[in-house]
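Starting from the given sequences, assemble the full structure and let the hints guide the process.
In order, the protein sequence lines correspond to chains A and B.
1 is the number of the first residue of the first sequence in this note's numbering; add one for each residue after it.
198 is the number of the first residue of the second sequence in this note's numbering; add one for each residue after it.
This list has only true hints and no planted wrong ones.
When the alpha-carbon atoms are kept at most 25 Å apart in a straight line, the in silico SDA-like pairs for lysine to any residue are as follows:
1) B:Lys262 / A:Leu5
2) A:Lys65 / B:Ala221
3) B:Lys218 / A:Val19
4) A:Lys50 / B:Gln205
5) A:Lys22 / B:Ile267
6) A:Lys54 / B:Met198
7) B:Lys207 / A:Arg26
8) B:Lys247 / A:Asp35
9) B:Lys218 / A:Pro17
10) A:Lys21 / B:Ala372
11) A:Lys22 / B:Thr295
12) A:Lys10 / B:His263
13) A:Lys21 / B:Ser248
14) B:Lys384 / B:Thr295
15) B:Lys237 / A:Asp38
16) A:Lys160 / A:His78
17) A:Lys22 / B:Arg223
18) A:Lys54 / A:Arg76
19) A:Lys50 / B:Thr220
20) A:Lys134 / A:Asp73
21) B:Lys207 / A:Glu36
22) A:Lys21 / B:Gly230
23) A:Lys54 / B:Gly230
24) B:Lys207 / B:Glu233
25) B:Lys219 / A:Ser43
26) B:Lys262 / A:Gln8
27) A:Lys21 / B:Gly305
28) A:Lys21 / B:Asp241
29) B:Lys218 / A:Glu11
30) B:Lys219 / A:Asp89
31) B:Lys311 / A:Glu36
32) A:Lys95 / B:Met198
33) A:Lys22 / B:Ser244
Just so you know, the hints here were simulated from the structure itself, not pulled from any lab data.
There are 2 protein chains.
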Amino acid sequence: MYPELFNQLKEKLERLPGVGKKTAERYAFAILGMDEEDVKDFSDILSRIKSDIKPCPGCGFLSEKHMCPICDDDTRDHSVIMVVSYAQDVVAIEKTNTYHGMYHVLNGVISSSKGIYPDDLNIDTLLKRLDGVKEVIIATSPTIDGETTALYLDKLLSSKNIYSTRLAHGLPMGASLDYADEMTLIKAMENRRHQGE
Amino acid sequence: MYPELFNQLKEKLERLPGVGKKTAERYAFAILGMDEEDVKDFSDILSRIKSDIKPCPGCGFLSEKHMCPICDDDTRDHSVIMVVSYAQDVVAIEKTNTYHGMYHVLNGVISSSKGIYPDDLNIDTLLKRLDGVKEVIIATSPTIDGETTALYLDKLLSSKNIYSTRLAHGLPMGASLDYADEMTLIKAMENRRHQGE
Numbered sequence: 001m002y003p004e005l006f007n008q009l010k011e012k013l014e015r016l017p018g019v020g021k022k023t024a025e026r027y028a029f030a031i032l033g034m035d036e037e038d039v040k041d042f043s044d045i046l047s048r049i050k051s052d053i054k055p056c057p058g059c060g061f062l063s064e065k066h067m068c069p070i071c072d073d074d075t076r077d078h079s080v081i082m083v084v085s086y087a088q089d090v091v092a093i094e095k096t097n098t099y100h101g102m103y104h105v106l107n108g109v110i111s112s113s114k115g116i117y118p119d120d121l122n123i124d125t126l127l128k129r130l131d132g133v134k135e136v137i138i139a140t141s142p143t144i145d146g147e148t149t150a151l152y153l154d155k156l157l158s159s160k161n162i163y164s165t166r167l168a169h170g171l172p173m174g175a176s177l178d179y180a181d182e183m184t185l186i187k188a189m190e191n192r193r194h195q196g197e
Numbered sequence: 198m199y200p201e202l203f204n205q206l207k208e209k210l211e212r213l214p215g216v217g218k219k220t221a222e223r224y225a226f227a228i229l230g231m232d233e234e235d236v237k238d239f240s241d242i243l244s245r246i247k248s249d250i251k252p253c254p255g256c257g258f259l260s261e262k263h264m265c266p267i268c269d270d271d272t273r274d275h276s277v278i279m280v281v282s283y284a285q286d287v288v289a290i291e292k293t294n295t296y297h298g299m300y301h302v303l304n305g306v307i308s309s310s311k312g313i314y315p316d317d318l319n320i321d322t323l324l325k326r327l328d329g330v331k332e333v334i335i336a337t338s339p340t341i342d343g344e345t346t347a348l349y350l351d352k353l354l355s356s357k358n359i360y361s362t363r364l365a366h367g368l369p370m371g372a373s374l375d376y377a378d379e380m381t382l383i384k385a386m387e388n389r390r391h392q393g394e
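Put into structure tokens, the structure is as follows:
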């Protein structure tokens with residue numbers, strides 16, 4: 001029913017995560033309703049995005065230049081590396097404005113169900129960065145796959161005599177205790193601390 | 198934090214309806230994860246969409262050529278015009294495979310709250326198509342704005358001695374009676390028919 005080009009646009013939009021036929025159609029109509037200039041810009045950005053944005057050869061975060069701004073920043077503490085699963089996690093941590101070390105983006109987590117193994121992750125480059133590193137903070141998400149990945153890295157790093165730590169697990173701030181799940185409560189009790197510590 | 202080009206992509210994606218910062222970011226990462234060829238196609242489609250797809254000068258539906266396939270189809274009944282609010286509605290009706298007349302897409306509904314008045318809609322071209330037309334079916338949605346638009350068109354067409362009809366309102370097929378809202382039930386009772394009519 002729709003013109004062929006319009007259907008092609010819908011198909012591309014359906015490739016986005018969580019977007020079905022109906023949403024893709026709504027998006028396609030929204031794009032048709034934009035100014036010509038805006039759609040042209042959109043097209044230009046897409047034509048450059050794959051060639052201009054590459055993983056940083058240092059940490060694996062997104063970068064337009066050779067090294068990303070964090071790896072390039074000499075004022076940061078290069079002796080601490082925080083290992084995260086995804087580039088988004090770097091942005092989340094940076095928003096806290098309290099961490100001044102380096103990052104390492106694995107670009108995924110070990111997942112036997114999805115067939116993702118250590119070799120598929122950005123781990124080789126991590127091992128090459130460990131000279132002079134005092135601490136590696138493993139900051140994978142506390143999911144099954146995230147925990148598997150953290151355990152794997154823990155073992156790997158301790159075999160190389162690298163001191164590694166994990167982010168704390170416990171009650172999220174602002175949450176009601178009675179809404180917390182059992183695992184979170186168990187972790188919160190296990191990791192309890194004396195006030196003033 | 199992210200490279201500038203990546204932020205630009207996110208901004209464009211945030212322009213899509215119902216897409217916030219978080220979803221735009223997820224979409225942008227999904228696009229980064231696509232094959233280079235796919236992203237290039239996506240970019241090409243966008244670069245052509247605004248110039249290649251125009252409203253059909255006959256009915257206002259989307260068209261890549263001068264006239265849309267429906268207006269161009271001589272086997273259809275040109276003496277009946279169904280007036281709908283949006284191009285999507287044409288596709289919904291066509292899917293029923295039971296209507297063989299023409300369409301007219303208003304491209305919106307009269308809405309005083311949004312400042313959309315009859316002059317903003319594709320009504321002038323409708324009035325120019327009425328020669329030899331036996332029936333105009335007004336198929337706006339049964340919402341407040343849709344009803345307002347239908348009443349306006351009803352009056353306008355009857356002042357020109359054009360026979361106009363409205364789609365029936367009543368219980369949707371497959372729905373439970375006790376879940377229907379009062380207005381739907383009132384309409385269903387008002388428009389009740391003798392079996393076998």
